[in-house]
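J.: Chain by chain, the residues run as shown.
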Amino acid sequence: MATTSLKQLCEMPDLLSGGHAACPGCAGPVAIRQILLAAQQDDTYVVASISTGCMEVSTTVYPNSAWRIPLFHSAFENSAATISGAETAYRSLKKQGKIDKKIAFIAFGGDGGTYDIGLQSLSGALERGHNFTYVCYDNEAYMNTGIQRSGSTPKGAFTTTAPAGKVEPGKRQRKKNLTAIVAAHDIPYVAQASPHRARDLMNKVQKAVATEGACFINVLSPCPRGWRYAPDQTFQIAKLAADTCVWPLYEIEDGKLTINYKPREKKPMLDWLKSQGRFRHLFTPQNEHLVEEIQQDVDREWQRLLTLEAMGKETAQ
Amino acid sequence: MAELLKKGQMKPGAVAEAGSMARLNTGTWRTYCPVSDLEKCNHCMICWLMCPESAVQVEDGKKVGTNLQYCKGCGICATECPVDAIEMKLESEMSEDEKKG
Ligand code: SF4
Ligand code: SF4
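Protein chains in written order, with our numbering: chain R, 1 to 317; chain Y, 318 to 418.
Any given hint could turn out to be false.
[Said to hold, decoys possible] Partner residues aside, some chain Y positions facing chain R, computed with beta carbon under 8 Å:
#1 Ala-333
#2 Pro-369
#3 Glu-370
#4 Gly-382
#5 Leu-385
[Said to hold, decoys possible] Sample of chain R residues at the chain Y side, in silico, Cβ under 10 Å:
#6 Cys-10
#7 Ala-89
#8 Gly-124
[What the hints assert, rightly or not] Stretch by stretch, here's where chain R covers chain Y in the computed footprint (C-beta under 8 Å, at least three residues):
#9 334 to 344
#10 353 to 367
#11 391 to 400
Just so you know, the hints here were simulated from the structure itself, not pulled from any lab data.
Just so you know, even glycine gets a beta-carbon here, dropped at the ideal spot from N, CA and C.
Model the full assembly from the supplied sequences, consistent with the hints where possible.
T.: This is how it looks when you write it as C-alpha cells:
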C-alpha cells in the first residue's frame, strides 16, 4: 500500500459507482470508496454486508445497487451477524476445496447500526473471532431518517429528538466511546480513522484485512445536512476533528496503542463547535458551562490515549 | 422456507445488479458546477479521491474533466484542490460550452 501512488489507485476498478443517492458533500461514499480501493488489492476480492442506514438506503435504491461487489443488506441490527455467516460458509467451502479465491469480508454499519442497534451482533461476532473487518462510518446521529440522536451523538449537539431551545441544550449525554468498547473485546486490530487522511485510513484497512481474526475501524463521516455546514467543507471539518482531538486517529495492534496523528497545536473545542450549526445554541450564557464540559471530556480522552501509548512503549522496552 | 416460498407467503429477498446505479443521473441535483482549469491542474488526483460521486474523470493518470451525469455540485473538489484549479460556477448562468470544463 505504502508503495501505491494515487495515480496507480486511479487505474484500479472503482467498486462504488456514481449515481447513488447520498446527499451532496456526504463523506460516506468517499470513505467506502477508499476502503474498497485499499481492500481489493493483491487479488483479494471483497464481500460485504451493510446495516440499514444512510449508506444502505442511498447506495442500494431498489432495484439498483452502486456496489460492484457482492453486498448483503438484511436489517439494521445484524451487519456483523450477516458477515459472520458469509465468512463461516467461506471457510467451509474452502475446506471442501470448492473455492480458492482470497476474500476479504467487510461489514459496514453507520453509528445507529453500530453504537446502538447492532451492538450485540457486533460484540458476538468480535468475540467469536470471525475473520472479518467491521467498519463503522460514524456521522453521529440517525441521519437518513432526519437527524435523530444516537448513542454516538456528542454532548450539546442539536438533533430532532434532542432539540435545542429555551430549556433543552441539545443532547445532554456524552457520546458513547465505542472504539474503547470494541477494544475491550481484546481483538487483534482496532482503529479510528478519517477519510481526510486517506493514506492513513487505507493503511488501516490493509492492516485489518491482512490480520487474521476480527478487526474494527471506526471512521468519522461528517454530514453536511445533520451537522449543519456547507457541503464543500466536509474534509475541512474532518481535519478540524483531528486537530481539536475530538476524533483522535489511532490504532491498537494486539493491545498496543499508537496515535497516528498528533496536531502540532491542539485547537480549542470552540473552533469545532463554532464550525457547525448543530452546536449554534451553545454560545449563550446559559449553556457556557457545557462548552467547558465538552472541552474537559475531549482533553480527558486525549490524555487517556497519550497515557496508553506511553504505557505500550514502556512495556516494549 | 421453500414451502413458504411456494405458497407465496414469503417473498425472497431482492437481488440488484452490481453497479447498476451507474445508470442513474444525479447531475440534475446540481446548482453549482465545477469548472476545472486543466492548464493549472497538476494532476495530483486529490479531487478524484475526495469526490463523493466518482465524478472526476481520469485518463492515463491525468485529470480530463468532470462527469456531469454524477456530479452533484458539492464543491469538495474545488475546496480540496491544492492549486485552486477548480471554480464553482452558478450553473444556470453558464453556457453549454463552459460546462465542458
Ligand atoms: S462538485 Fe462535488 S460531486 Fe462534483 S466533481 Fe466536485 S467533488 Fe465531485
Ligand atoms: S485536485 Fe486540483 S490539481 Fe489535483 S487533480 Fe484535481 S484539479 Fe488537478
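J.: Taking a Cβ-to-Cβ distance below 8 Å as contact, does the region 334 to 344 of chain Y have at least three residues touching chain R?
T.: Per the Cβ count (10), the hint holds.
J.: How about Pro-369(Y): closest beta carbon in chain R under 8 Å, or not?
T.: Holds: closest Cβ of chain R sits about 4 Å from Pro-369(Y), inside 8 Å.
J.: With a cut-off of 10 Å, does the beta carbon of Gly-124(R) approach a beta carbon of chain Y closely enough for the hint to hold?
T.: Given a least distance of 22 Å, the restraint on Gly-124(R) is violated.
J.: Please count how many residues of the region 391 to 400 of chain Y have a CB within 8 Å of a CB from chain R and say whether that reaches 3.
T.: holds (count 6)
J.: Min Cβ distance, Cys-10(R) to chain Y: is it shorter than 10 Å?
T.: 5 Å, holds
J.: Hey, does the Leu-385(Y) contact hint survive, CB to chain R under 8 Å?
T.: 11 Å, violated
J.: Within the region 353 to 367 of chain Y, is the number of residues with a Cβ closer than 8 Å to a Cβ of chain R three or more?
T.: Since three or more residues must qualify, the claim that chain R covers the region 353 to 367 of chain Y holds, with 7 doing so at under 8 Å.
J.: May I ask you to test the interface hint for Gly-382(Y) with respect to chain R, counting a Cβ-Cβ separation under 8 Å as satisfied?
T.: 14 Å, violated
J.: Identify whether the interface hint at Glu-370(Y) stands, where standing means a beta carbon of chain R within less than 8 Å of its own.
T.: Since chain R brings a Cβ to about 5 Å from Glu-370(Y), closer than 8 Å, the hint holds.
J.: Using Cβ atoms only, decide whether Ala-89(R) comes closer than 10 Å to chain Y, and label the hint accordingly.
T.: Cβ of Ala-89(R) sits 16 Å from chain Y, so the hint is violated.
J.: Just to be careful: measuring from the Cβ of Ala-333(Y) to every Cβ in chain R, is the smallest value less than 8 Å?
T.: This interface hint holds because 4 Å falls under the 8 Å limit.
Violated hints, listed in ascending order, are 4, 5, 7, 8; each of the other numbered hints is respected by the structure.
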